[in-house]
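There are 2 protein chains.
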Amino acid sequence: MIKLVIDTLGGDRGAEVCVKGAVRSLIEHDDLSLVFTGDETEIKNILAAEKYDEKRVETAHAPDVISCNDKPTDAIRQKKESSMYKAIDLLKNDASVNGLVTTGSTGALLAGAVLKVGRIRGVKRPAFCPVMPTMNMGVVAICDSGANVDCDSLQLTQFAVMASLYMQKAYGVENPKVALLNVGTEEEKGDMLRKETFALLKENKNVNFVGNMEARDVLGGKYDVVVADGFAGNVLIKSTEGACLEMLKLLKKTFTSGLKNKLGALLLKKDIYKMKDFMDYNNYGGAVLLGCAKTVVKSHGSSKEKTVYKSVELAYKLEKSGLGKAIAENIAEKTE
Amino acid sequence: MIKLVIDTLGGDRGAEVCVKGAVRSLIEHDDLSLVFTGDETEIKNILAAEKYDEKRVETAHAPDVISCNDKPTDAIRQKKESSMYKAIDLLKNDASVNGLVTTGSTGALLAGAVLKVGRIRGVKRPAFCPVMPTMNMGVVAICDSGANVDCDSLQLTQFAVMASLYMQKAYGVENPKVALLNVGTEEEKGDMLRKETFALLKENKNVNFVGNMEARDVLGGKYDVVVADGFAGNVLIKSTEGACLEMLKLLKKTFTSGLKNKLGALLLKKDIYKMKDFMDYNNYGGAVLLGCAKTVVKSHGSSKEKTVYKSVELAYKLEKSGLGKAIAENIAEKTE
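Going down the list, the protein sequences come from chains R and E. The C-terminal residue of the first sequence carries number 1149 in this note's numbering, and the numbering is unbroken. The C-terminal residue of the second sequence carries number 1149 in this note's numbering, and the numbering is unbroken.
Rather than coming from a laboratory, the hints here were simulated on the basis of the structure. Any given hint could turn out to be false.
For identical chains, the list gives no copy identity; a pair is met inside one copy or between any two copies.
What the hints assert, rightly or not - EDC-like cross-link-like pairs, simulated, lysine to aspartate or glutamate; straight-line CA separation at most 16 Å:
#1 LYS1066 / GLU1126
#2 LYS1073 / ASP1084
#3 LYS893 / GLU1118
#4 LYS1065 / ASP1084
#5 LYS892 / ASP965
#6 LYS1002 / ASP963
#7 LYS1002 / ASP883
#8 LYS884 / GLU1001
#9 LYS833 / ASP866
#10 LYS1087 / GLU855
Since this is a predicted model, take the numbers as computed values, not measurements.
All chains, please: the whole structure from these sequences, using the hints.
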């Protein structure tokens, strides 16, 4: 049995999307059970409208919320009645709980996971690893994307190892192509951190390192894993998402200006929706926190029911695949 | 009289676009004169087809090319017959030469400008400052975008001062809104470099600092200047450009798949071209190297004639506006 704790509070859309999304996953898998943390009455009210196996669902009352205005490290220590605190607490202290899914504060999650749940032995720093869709209908993982704004070259090398295993386990990519985010593709490009990391990755026989890459090529589908420090990875993801969204807005404006355009848009509607759907992060689940002692998936703050469902599916799949064990076995060997 | 040296080699499209683009600018301004460096015969052949004031044009024979495969610092010292070497040499040693425009190697240009032409007194490091179009039909300057992969907080503060003056002089923006690129908008976000820079910018009464910004908001039009270290600035620009290009490709694919889509695309054609045109960097001239002792504009490696024209116009405008003098007057006062 795989047991996941679902933090129902802290996301923009409240408990309903979290409960309903997770129950969808529950129905699909006989060997999945859930613990919801949050406002017990609210959770039970939402559950009342659903049909599911009640024996596989528990609730843990913790109605307080950690918001993005709270200081993460303080909040995860002090807000003991918060749904996130409770979820982290269960993950740490309940041996039967395998993983956690939350739409809440990224900072508090990171602090709780690192300070309380701990790391896989040998892992220097856990790292967030979301994926983005690529133009050839695949995905690319960005590791780290914001957990560690300061990194050294050994950490970056570990990110490469962990994200490679993740792409194998979660997406079935054999021998994932790993690139180092840099200001140019030539070997000598970048700062000391990049030069040192390049040397480590080049020597590492267990990572399929294909060299430096430029930010403009992230969506092209040439790479399966992009290795970055948390600052640059964060900039990469947010600017790519931001630009895609602005382009869609511009397109929408074009489509609605004048009768001729409206008619044209009507003809294209179906395929443009496909294009929009393709760029929609709600289809890709959350960002896994690689290197944490237990499975942790951060679903987007504005997650819909579908997004939470995808995130719970991801956590379930990672547990089934034995990603944590694979990282534990490989991290020392592959990064030293 | 404003005299600009135009490096005709090193770009993807060769000398023709450089010569023709620059001559277009020459015709528009009676007080502009040009020196072309490159293959004299080739330059004269291209000039032969143009109508212009011959008294205001010179050539300096230097037919060798610094390519992107050459090591920048070595090339700018050793390739003495290269068009870039000659251009830097003229800029440094000919007092009548005010500025330089090139489509050639960014690395060699930077090395030549910093090592030979030198900095404005008080400037710690020159920085590349390109602009990107924003959704409200303005532009936003990104400083630095790749000249300095390692930065300290004083350098970043100087980038803010220089880029503010640039936006005033080149684009007539009064009191430009300056934001610091970070992983979140809250004051305490980011690494030590961002925290230190935030404190310096907040105290600096001569910069209109509006706080931290996230990469996803760069195109939204809320900011006039984005301050970044060269690594993050480079990632920001390249991922934004890359995502826009990939979206246009996806759009093109959608427009040509099936008869219904083709018909729809036909109706929308005019406005979609407008959208494409809006995102086209060829309309925005080059990236100025702020803080250099003389005006230096790097035009894109794949510049067309129009791009070079815009870059020459930019160099001319910056000279007329007295940007260098303004930086010299403000840099000490505004950053200490």
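(Q) Of the numbered hints stated earlier in the document, which are not met by this structure? (A) 1, 3, 5, 10
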